[in-house]
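Listed in order, the protein sequences are those of chains A and B.
All the letters of the first sequence, read from the start, carry residue numbers 1 to 553 under the numbering used here.
All the letters of the second sequence, read from the start, carry residue numbers 554 to 729 under the numbering used here.
What the hints contain is simulated information worked out from the structure, not anything from laboratory work.
It is possible that part of the hints are untrue.
For each label pair, taking beta carbons as the anchor points, the in silico distance ranges come out as [unchecked claim]: (1) Gly21(A) / Ser624(B): 37 to 47 Å; (2) Leu684(B) / Arg30(A): 47 to 57 Å; (3) Arg585(B) / Thr84(A): 26 to 36 Å; (4) Leu614(B) / Asp59(A): 43 to 53 Å.
Virtual Cβ for every residue (Gly too), placed ideally from N, Cα, C.
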Amino acid sequence: MADLKPDELIARTNFTPPKTGWMDTPTVIREGMFCYAAKPKSVATLGLPYPREWNPLNDDWKLPENWKEIIIEGMKDRLERFRTFKIFMDICVRCGACADKCHFFIGTGDPKNMPVVRAELLRSIYRNEFTKAGKILGRIAGARELTLDVLKEWWYYFFQCSECRRCSVFCPYGIDTAEITMMGRELLNLLGLNIDWIATPVANCYMTGNHMGIQPQAFVDMLDFFADEIEDTTGVRVHPTYNKKGADILFTTPSGDVFGDPGTYTAMGYMILFHYLKERYGLDVTWSTFNSEGGNFGLFTSNEVMKRLNIKMYAEAKRLGVKWILGGECGHMWRAITQYMDTMNGPADFLEEPVNPITGTKFENAKSTKMVHIVEFTADLIKHNKLELDPSRNDNLKVTFHDSCNPARGMGMFDEPRYVIKNVCNNFYEMPRNCIREQTFCCGSGSGLNASEDMELRLSGGLPRANAVKYVQEKHGVNMLACICAIDRAVLPPLMGYWVPEVDVTGIHELVTNALIIPGEQEKTVNLRGEDIPNKDEMDPDEYYTRPDFSGR
Amino acid sequence: MALNNLLKQNKDTIVKKWLTSTIDIYPADTSRFMKGQKDPFANPVGNTLSVNLGPLFDELLNEMDCKAITSYLDPILRVRAVQPILSSSQSTGFIFLLKNAIRESLKKELSDKNILKELLYFESKIDELTLIAFDIYLKCREKVFGIKANEERNRTFRAFERAGLLTEIPADGPGL
């Protein structure tokens with residue numbers, strides 16, 4: 001703003017917006033709406049092209065001379081390789097069903113965030129270069145030439161999409177707009193135009209096995225520290241195993257939960273659960289310090305990079321000789337696993353078809369990937385009464401559940417998290433129907449957009465989610481937002497802090513282990529966060545009798 | 554107080570005009586959506602405006618209770634503080650649009666000098682409201698900056714922690 005000239009300042013007070021269509025409205029790259037450019041070192045580490053220092057706010061992006069040729073060739077190659085991309089470029093009839101479904105459009109008010117327009121950014125070039133109608137009729141057929149401004153527009157808006165797929169739920173043709181964004185980002189990566197919040201975690205993951213760049217010994221240190229914390233609050237010492245050959249199950253979860261609150265409490269929750277299962281049923285679950293990341297920011301870079309990072313899951317499972325893999329509460333990890341892993345790096349014939357050894361349940365949905373979601377696993381344990389639970393320990397909480405986009409829309413998991421929450425908490429309230437399950441609103445920070453420099457984008461994109469939380473907070477006094485995604489656990493606290501400060505954030509397995517009666521535990525007075533556990537004797541009798549678990553009901 | 558009565562009688566028309574012109578600050582496709590979608594969860598921005606402008610207008614007609622005004626203005630400014638598509642002046646200046654809405658709705662009545670005098674007084678209340686809006690807007694912006702700073706600080710702290718450069722003072726350590 002400080003650089004604006006007087007006449008530009010006056011223009012900014014104008015209350016009449018431009019009446020031009022999207023193609024004729026120039027894109028302005030605004031502070032707060034974009035993430036910093038990828039550091040050359042990270043791009044180089046991955047062997048991706050054109051690592052260099054560049055700044056999105058500068059006119060010169062230091063592009064290679066033949067950048068246009070590279071993009072067009074890249075498009076051609078992908079149109080041939082990916083049938084979906086070709087179809088998605090061809091079949092949209094611009095009905096507008098998706099237009100108002102994007103949280104970024106709803107929150108930012110920027111029409112170029114309408115999914116149909118975001119796709120048109122790419123389609124207009126596709127028509128111009130690859131269709132007869134576009135070549136002959138040009139603008140009339142919705143085609144336009146690829147210019148530097150178009151490229152910058154791509155970069156700005158493909159990194160304002162969190163690939164959450166809410167729009168695709170409403171598309172009558174089933175166009176997966178997230179895959180259009182993925183293709184857009186792949187093309188931008190051909191010119192080294194990634195954002196650093198993606199490129200550096202990907203480089204870290206490639207070199208050390210996790211996004212945070214945690215070395216194996218530091219990973220062990222952190223989990224040992226959690227074991228101390230657990231002992232302080234429960235009196236029970238848990239003994240996680242690392243890289244244990246011949247263990248029953250390999251556990252993989254996002255590294256974010258090992259280093260950031262409130263995810264750390266979810267990580268402690270896993271450790272307590274595994275301890276419980278070992279003590280009670282002899283189940284042997286091991287952590288890996290090499291496969292120390294469930295998330296896969298490669299998904300936000302390119303198909304090839306995603307594949308490169310994903311392979312370590314199978315490789316480590318093979319090395320350790322486990323039966324199958326258990327995955328933690330993560331978001332996009334599950335999209336990568338459910339929809340891509342099997343064809344990228346599978347089939348994992350060396351693993352067994354997952355069966356819960358405690359209950360005998362076959363996880364048919366994971367038959368091919370050999371990887372089971374921990375919430376599904378826990379729901380199965382609860383269903384078969386294998387966990388001793390006291391939900392009243394969570395009575396200080398009034399919980400609502402945010403369906404994280406990828407487990408919800410990427411793998412269709414809606415009921416298991418609710419089943420688990422209802423069994424470990426007495427107070428659960430749903431947000432309105434058009435904000436949950438398959439219609440869930442994104443946190444506004446997914447797909448690698450959870451940096452701090454794009455906070456305005458995150459807070460405006462998260463508005464529809466926060467707005468629904470605010471509703472249940474005002475109506476039912478909800479004070480806890482549960483979710484099953486590490487990015488959610490990192491980004492929802494600031495989102496709540498801005499829009500609904502009364503509400504805190506938790507993972508489901510923190511709630512589970514709050515309620516879990518661990519063999520040998522001391523009398524619990526505080527939960528993992530060190531907060532007082534409600535004392536039953538001090539409870540208001542009226543509240544006690546109205547609780548769902550009251551035996552006299 | 555003739556003007557107040559006129560404003561009360563014409564409240565619906567005036568507030569509607571105010572709302573329309575406020576929404577029209579957004580690009581055409583956005584304003585069309587905000588006007589058309591009535592579901593508050595599908596359209597929180599439009600809904601926030603339509604729910605709060607009416608009560609704000611009532612406050613101008615009455616005593617201008619600061620607490621009430623803040624409760625109606627805050628949700629609107631909180632949204633605008635994270636919408637860089639609007640400039641700061643556009644974000645707060647929508648309140649001035651009420652002046653146009655009143656002038657247009659009461660064209661005939663405003664030929665009366667006494668009413669016009671009252672309008673001058675009323676418009677100074679609108680100015681005051683704009684200043685309150687400016688304060689709230691700035692507070693929201695400060696909150697955004699605070700969140701950004703906090704995230705950066707936490708990240709730096711965690712980087713130090715990972716590098717093994719931090720040692721926590723043990724809870725049961727010797728006292729000084």
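Review point. Which hints from the list above does the structure break, by number from lowest to highest?
Key: Hint 2 is the one this structure does not satisfy, whereas the remaining hints hold.
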